[in-house]
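Chemist: These are the residues of each chain, in order.
There are 2 protein chains.
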Amino acid sequence: MTTSAENVLQRFNERIGQIKSYEEALGVLYWDLRTGAPRNGMEARSEAIGMLSGQMFKLSTDPELGEWLAELEQPEVISGLTEIHSRLVTETRKDYDRSIKIPPKLYQEYVVLTSQAESIWEEAKEKNDYAMFEPYLDKIITYTNQFIDLWGPKATRYDTLLDAYEPGMTTAELDRLFGGLREKLVPLSAAIAASPHQPETGFLHQTYAKDAQKKFSLFILEQMGFNFNSGRLDESVHPFATGLNPGDVRITTRYLEGDVTSALFGTIHEGGHALYEQNIMKALIGTTLCTGTSMGIHESQSRFWENMIGRSKPFWNRYYGDLQKQFPNQLDVPVEDFYRATNVVRPSLIRIEADELTYNLHIIIRYEIEKLLFNEGVKASELPALWNDKYKEYLGVVADNYSEGVLQDVHWSGGAFGYFPSYSLGNMYAAQITDTMEHQVPALWDMVGRGELHPIKDWLTDKIYQYGKLRTPAELITSITGKSLDPAYLVSYLERKYSDIYRL
Amino acid sequence: MTTSAENVLQRFNERIGQIKSYEEALGVLYWDLRTGAPRNGMEARSEAIGMLSGQMFKLSTDPELGEWLAELEQPEVISGLTEIHSRLVTETRKDYDRSIKIPPKLYQEYVVLTSQAESIWEEAKEKNDYAMFEPYLDKIITYTNQFIDLWGPKATRYDTLLDAYEPGMTTAELDRLFGGLREKLVPLSAAIAASPHQPETGFLHQTYAKDAQKKFSLFILEQMGFNFNSGRLDESVHPFATGLNPGDVRITTRYLEGDVTSALFGTIHEGGHALYEQNIMKALIGTTLCTGTSMGIHESQSRFWENMIGRSKPFWNRYYGDLQKQFPNQLDVPVEDFYRATNVVRPSLIRIEADELTYNLHIIIRYEIEKLLFNEGVKASELPALWNDKYKEYLGVVADNYSEGVLQDVHWSGGAFGYFPSYSLGNMYAAQITDTMEHQVPALWDMVGRGELHPIKDWLTDKIYQYGKLRTPAELITSITGKSLDPAYLVSYLERKYSDIYRL
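Going down the list, the protein sequences come from chains A and B.
Be aware that the first sequence starts at 1, since it is given in UniProt numbering, and climbs by one per residue.
Be aware that the second sequence starts at 1, since it is given in UniProt numbering, and climbs by one per residue.
Any given hint could turn out to be false.
In this list, chains with the same sequence are indistinguishable; a pair is considered to hold if it fits within one copy or across any two.
In the DSS-like style, the derived pairs of lysine-lysine whose C-alpha atoms are separated by at most 30 Å in a straight line are [unchecked claim]:
#: 1; residue 1: Lys139; residue 2: Lys94
#: 2; residue 1: Lys390; residue 2: Lys101
#: 3; residue 1: Lys105; residue 2: Lys282
#: 4; residue 1: Lys58; residue 2: Lys457
#: 5; residue 1: Lys127; residue 2: Lys282
#: 6; residue 1: Lys139; residue 2: Lys282
#: 7; residue 1: Lys105; residue 2: Lys127
If you're looking for bench data, these hints aren't it; they were derived computationally from the structure.
So here's chain A without its partners, still in its complex pose (with noise of 0.2 Å):
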């Protein structure tokens, strides 16, 4: 490499550190605000959060970062970069080439919008007041339009949301994947819904102190592979993990003394998106690759130890005993009681507590949703009567109050729409890598059913953790098994498990 190329690629590492820097703070300062931030303090918050981005989206936008990459990207220097730096110059120009486009102004507001929208959002939720969050998101949606105009619309405006998820992901190839669930899920939940051996889960819903339900949280995690020299649990509204850097990976729980399913399998759920941050080879940190690849992909490895490995049968047949251990007078069920019950399938109204059959029309529903509202300009005035609608339709269901109805998630309070389609993305990719995994390491569960853990994390490792934004989504699912996203896969692994547990 020349001492010029050299020169440039000193100063474009230079800048990437900064910009992870913000990145990293800019993550204390949002897990601050949900893990229990004073109340009073949000204003002044919001202002130097919005500061802090404005300030990495200067950064990310300047030209001079612009002049350094046409420099690196030129046939002679990129041939010469390793891996890691090719890499790095391929991502940072798509971030660059979308970011430009927004005017540092017009983000900033944004930011300190979504910032406030998101404490509205959980006291409007708190109060069942979608009158209080409606002007807040009614404006996030105006400010979506403006960027997918700057962006440029794709095949449909919606498209363009979807890409900033999952790279390449279009409106068609949803409708596809999703079209393929929907055809199979649907009878196979009509199943069973008609089978006679649906199961009791009842004893699921007595008293469960919180303080043993946190002490099974922190025992699961461990034997997960979690390392908490490397990271925390805390509690929050809603669920979340935030990967500061691979040594301060932190995740978060809601314990329900009523229900002991919800931070059990929320806790695993968030602790395998946490393995994959704590994961993520050394060499990578300090750069913008050192973050999972994908939504979807990510989601593939919280959906997969939530129910893959935490909703089976080996499982549970090596780890009920501690489970009754903190909990002998309500779990006097045998295991295979409590296998059926943690997965039994019912329509139901909120995301997070659905089964892993039905969360998949969760999904299909706000899709469908979101496509409305950025290729038919529905209003948000519109959505409560919408998201009702769509409820009876798919699930049979509808709330009584909003907030079990449009005001449940936290996403679009942060304006992230085009995120919910990741969730059954995550669910087909993982059945497809667990087809695989099964090939290739034949004991899986007999380890599962002797609590070791700690070799299928090493698996995961190997052919996802490490790499971080290193491989796309698309080089990771066809390197590992061989082919494409394909849903057939999830659709088979539910006709198995279901078809056992309701005896279809």
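Fit chain B to the known structure of chain A by using the hints.
Modeler: Relative to the frame of chain A, chain B by itself:
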């Protein structure tokens, strides 16, 4: 004002807001580091802190800011400014002149260093390993000496450091103030030691459950008027208070199961700092004037609440019953015994656990060591011996380990040389202010005896808290008490109080 001046004022205000936002973000990052951030994330976190501090430093030392200041300082402009803007210009000029002398790269290195050093100090203290900390301390001293050279030494090199914490304070003045204290406190301390009426303190060191201590800490904060919607209480090794903004003021305490007084008075102390920060006037929010005016005045508020109120007889006449309810088995002695036990005067090793009389000797030791470091070129390697010699000479006690000796305080790991004198300045300010309060509020001690503490908070808000940095320490003490700082008030307060307790 001309359009040009108005334009400059607007840009100046925006810049001040940006600087304040960086301060807030850094405040959260430091708070987080001290209250439970995972250890393995330390390195990346230090990078982020260093980068943000560097960015803030750049904004604070930008030549453009210098030009705006010069414009706003024009007599015809500054005379038309509001009091707040005028004071902002004065304060910013002072910081600007001090900051532009430090090269940004040097400052950023220093911030990364001190951020790492604090974690290393924590570990070194835990492991009783001075050698582990020494190279960090050595580097911090070297950097500090570079800073003194860049700022320009004053009458002595150490004076340059003092000025940062207590504007205008000098070694000569401190020698006078501390001399006045020492002269009276040494014979008083001797008379106390010779008294046959020594309080019995054994009962304070039974086992006091942490949960009950925490409950009482929260109760007392609420009684003092701490607003829990504008702040929170956490735990850390070294208790501290941090005012992110008046709506988010965070304090920490440390619960020792074998010593009920540690968290008790620690909480009241940090609570005093918090009341100051929570009650700064709204008009200052978002500006760099929105904080305490000096370390000495800040400390006067924590000391006032901890000692003048929290260790007074009327206070315990009111609250002892509540404390007994938490610890009925441990606290079976009369209130008079409890009052005397919590006011025992006894030379000891640990500054933060020292009584309010000998505490001043702990400070004088640190003051003298810091003078030696910067005025006589003493090295970090000489500190352990120096420390022990001074403790032997002033307090008659010597630590047999580093953790209770030279490693006991966090301050030097953060480069806070010149800070320690603030504590005794705080004691002197507090005594002088209490004297005025007693004259202006004749029912003061009756109110304390009835648990009416909010009027005291209101009086202090009126005289001190609301102004933030809008008044200098000298302006405050003169406007409140009609006199400049005089050690006689503290001496007289201590003589009166301890003559009674020890029946001198």
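Chemist: The structure should be examined with respect to each hint, and the outcome stated for every one.
Modeler: Cross-check of the supplied hints:
When the C-alpha separation of Lys139 and Lys94 is checked against a cutoff of 30 Å, the pair qualifies only within one copy, where the shortest distance is 27 Å, while the shortest distance between copies is 42 Å. Taking the closest pair of Cα atoms, Lys390 and Lys101 never come within 30 Å of each other, the shortest separation being 35 Å inside a single copy and 65 Å across copies. When the C-alpha separation of Lys105 and Lys282 is checked against a cutoff of 30 Å, the pair qualifies only between copies, where the shortest distance is 26 Å, while the shortest distance within a copy is 35 Å. In the homo-oligomer, the alpha carbons of Lys58 and Lys457 never lie at most 30 Å apart, since the shortest distance is 38 Å inside one protomer and 44 Å across protomers.
For a Cα distance limit of 30 Å, the shortest separation of Lys127 from Lys282 across copies, 28 Å, qualifies, whereas the shortest one inside one copy, 45 Å, does not. Within a single copy, Lys139 and Lys282 get their C-alpha atoms only as close as 40 Å, which misses the 30 Å cut-off; across copies the closest is 28 Å, which meets it. When the C-alpha separation of Lys105 and Lys127 is checked against a cutoff of 30 Å, the pair qualifies neither within a copy, at 33 Å, nor between copies, at 50 Å.
Hints 2, 4 and 7, counting from the list given before, are not met by this structure.
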